[in-house]
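**Q** The residues making up each chain are set out below.
Protein chains: 2
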Amino acid sequence: MSSPVIDRFDLFTIVFNIIISIIGGIVVNRLIPMLKEKFIKAQLWGYDLNKRNSKEIKVAESQGVIVAGIFLVLMFIMIAIVFSEHLHPESDFPNHKFVEYLAALLSICCMVLLGFADDVIDIRWNVKLWLPMIASLPLLLVYFANYHSTTIILPKPVRPYFGQQWNLGILYYVYMSMVAIFCTHAINILAGVNGLEVGQSVIIAGSVLIFNLIELQGICAEEHLFSLYFMIPLIACSIPLLIRNWCPAEVFVGDTYCYFAGMTFAVIGILGHFSKTMLLFFIPQIINFLLSVPQLFKFIPCPRHRLPKLDPALNKLNPSDVEFKKKDLKPLGWLMLRFFSLTKFIRYREYQNNDNETMINTTNFTIINSVLCWFGPLHEEKLSRILMLIQLVFGSLLTFFVRYYLVRFFYDS
Amino acid sequence: MSSPVIDRFDLFTIVFNIIISIIGGIVVNRLIPMLKEKFIKAQLWGYDLNKRNSKEIKVAESQGVIVAGIFLVLMFIMIAIVFSEHLHPESDFPNHKFVEYLAALLSICCMVLLGFADDVIDIRWNVKLWLPMIASLPLLLVYFANYHSTTIILPKPVRPYFGQQWNLGILYYVYMSMVAIFCTHAINILAGVNGLEVGQSVIIAGSVLIFNLIELQGICAEEHLFSLYFMIPLIACSIPLLIRNWCPAEVFVGDTYCYFAGMTFAVIGILGHFSKTMLLFFIPQIINFLLSVPQLFKFIPCPRHRLPKLDPALNKLNPSDVEFKKKDLKPLGWLMLRFFSLTKFIRYREYQNNDNETMINTTNFTIINSVLCWFGPLHEEKLSRILMLIQLVFGSLLTFFVRYYLVRFFYDS
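As they're listed, the protein sequences go chains A and B.
Each step along the first sequence adds one to the number in UniProt numbering, with nothing skipped, and position 194 is 194.
Each step along the second sequence adds one to the number in UniProt numbering, with nothing skipped, and position 211 is 211.
These aren't lab readings, by the way, just hints derived from the structure by calculation.
For every residue, glycine included, the Cβ atom is placed at its ideal position computed from N, Cα and C.
It is possible that some hints are incorrect.
List of simulated lysine-lysine pairs, DSS-like, C-alpha gap at most 27 Å [what the hints assert, rightly or not]:
(1) B:K128 <-> A:K41
(2) B:K330 <-> B:K298
(3) B:K298 <-> B:K326
(4) B:K326 <-> A:K97
If you only want the chain A side, here are some residues facing chain B, beta carbon under 7 Å, derived [as the list claims (entries may be wrong)]:
(5) S91
(6) F93
(7) K97
(8) A103
(9) M133
(10) I134
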């Protein structure tokens, strides 16, 4: 704390960032009601299936594109401000810093385009899976250009067996690509309840923001400043969307928002050099992904939708389920079913059908359904609140506990 | 020619670029028929108004997003290849070159997003007008970082009066912003006839390509190499679209294509340091813009559409027109009407209406209508061919004449 690591100009840019982010948030807040009819007219709408009168109201979809558009405009202005101190001919322009901003925005912009195109024309899932990897290529090049360190420090307990550090080489770049793919899709998989996509994103962004503020005192101040510049407008532009997407939803966010927020986190994790901490913030998403694996990879039959289903009498949501013949289940599928049943993530039962075959009825493999298994039928808003709480506890608080307390047992400070 | 300015690695990248561009073109050619039904289902379609059976067939719109998407994928791969020679830890990574690629792709990607959003939800014209300027901010920063020369050399004839050179300072950046805005919209304004948008873009891109190949021998080889890398995939991906958009159009290109191609030219002109030559390639677009000014800025009434209108009996197109009372015309509007009438770009006549007021009936102020005034009613394909010829002669051939012959009278070689 003795020598200030961020200077007065940095403070000015942070204040400037906050001001334009608030303005951006206000603009988003005005644009959503202005434009939603246009979206509905352009066939960008859906029914809110978890409501009693679901088939009566068309809800505008893809409102994330408004958030992303304003976010990009803010970031273009931010770049100009951040580098304005070097705008005199004698200054040595810091291209190594500049490439980070450009590569970050390029990857984000590509994912916004992909998400919006997906909302409009439904892109095939295998294309969607790999495009984030291609979009992350410039990031990897920037990482190489600026750091090209691919060495990881091993935790103390395993050092006697595996040594002090490992140089992962090319595998480190593969890892970073995977982070980009995972983050882009993670939010999109944990979705389908009003407020969930934006809510989790705001909680993650808020946690990253707090993490950056703490680390701003440290030796990597510049990287955390970089992250701050992205997180503040992300939060400011997302909050108006969160309010309007909260139960009962006035608008939907679309794949656009999920890809946009996901890629922003990936980019910041990679270029801010805290991809592992970032992944800790994604623990609920990681668990949800692991839980989804049996259905995503067809070990267990996967219905078209795995959203909870409404009990109109109670106006509460029940876990949705899927039924299949027990004999169709492969050994690995059976093992997964048993494992997630023992760990209480799903609930299944067996029964005989009319043809005297043994049938299995199981709740679908998502965290959303797990919550409904644990707590019983819930109103959608309550479900959303519980999911937010999970994000806060198992994403954010746990990460800070690991990062600032547990870490001392595994690494030298 | 004595010392090679491009080395073997550059030759390899050019060959690689050509190969992946051809593959990209083949992919675009397969994707368009695969996806067009999806576009129509997503309400992205229009009627082909210049056809006899226009209201019977829905034609898929916005196919430019396919071209732009594949183009971006190709460019991401190209970046990785171009900089692969620096992918060893001892190499000094050329960040100053890298920022050019990233800023270029960022501006292009933003404009593709804007174009696609415009196709889907119709963005207000004043937003569309200024967004290219914001999207060009990173380009200006890159220009500053890498060159920050804002001095222009004056032509010889005016030097005795104005001096050898002028330092335009900030005005030079304003000029570059204007180039970005102009190029982005120029193609979109000269549009509406089957094949016209892509056709003019392919001719401009081909001309830029030839110009780059000639200049590749010179001292600015690196900048022309940069331009080549963008032009080859642009041409390769556009040709399949041109074939399917040529009269009678199987698909439409959308604002997406116009903004995408326009911004690509702007970016290349600015970062390749031949923005003035680039503008020469846009002479038909500039004339069309100047011709449109009276209607765009409401000196002359401007109908919603200014496309030619079909004479179903002949299956030929006539110039479209607009009628208004003579007394509503302001002096400046009258002057413009007279000027473009004398220069034969429009044709107007006066008559008395039933209320005994003097009315004016004039053809609309676009090059497309001018061509129909000059040649009489034309079949749409013939009209398109003539417009291509104009682009070739007054855009490309004239530019090469100015650039390689006339220039010697104005500048020292």
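**Q** All hints, please: hold or fail.
**A** Against the structure, the hints:
1. B:K128 <-> A:K41: holds, 20 Å
2. B:K330 <-> B:K298: holds, 10 Å
3. B:K298 <-> B:K326: holds, 14 Å
4. B:K326 <-> A:K97: With Cα atoms ~60 Å apart, K326 of chain B and K97 of chain A exceed 27 Å; violated.
5. S91: Result: violated, 9 Å to nearest chain B Cβ.
6. F93: Holds, because the Cβ-Cβ distance from F93 of chain A to chain B comes to roughly 4 Å (cut-off 7 Å).
7. K97: violated, 9 Å
8. A103: holds, 6 Å
9. M133: violated, 10 Å
10. I134: holds, 5 Å
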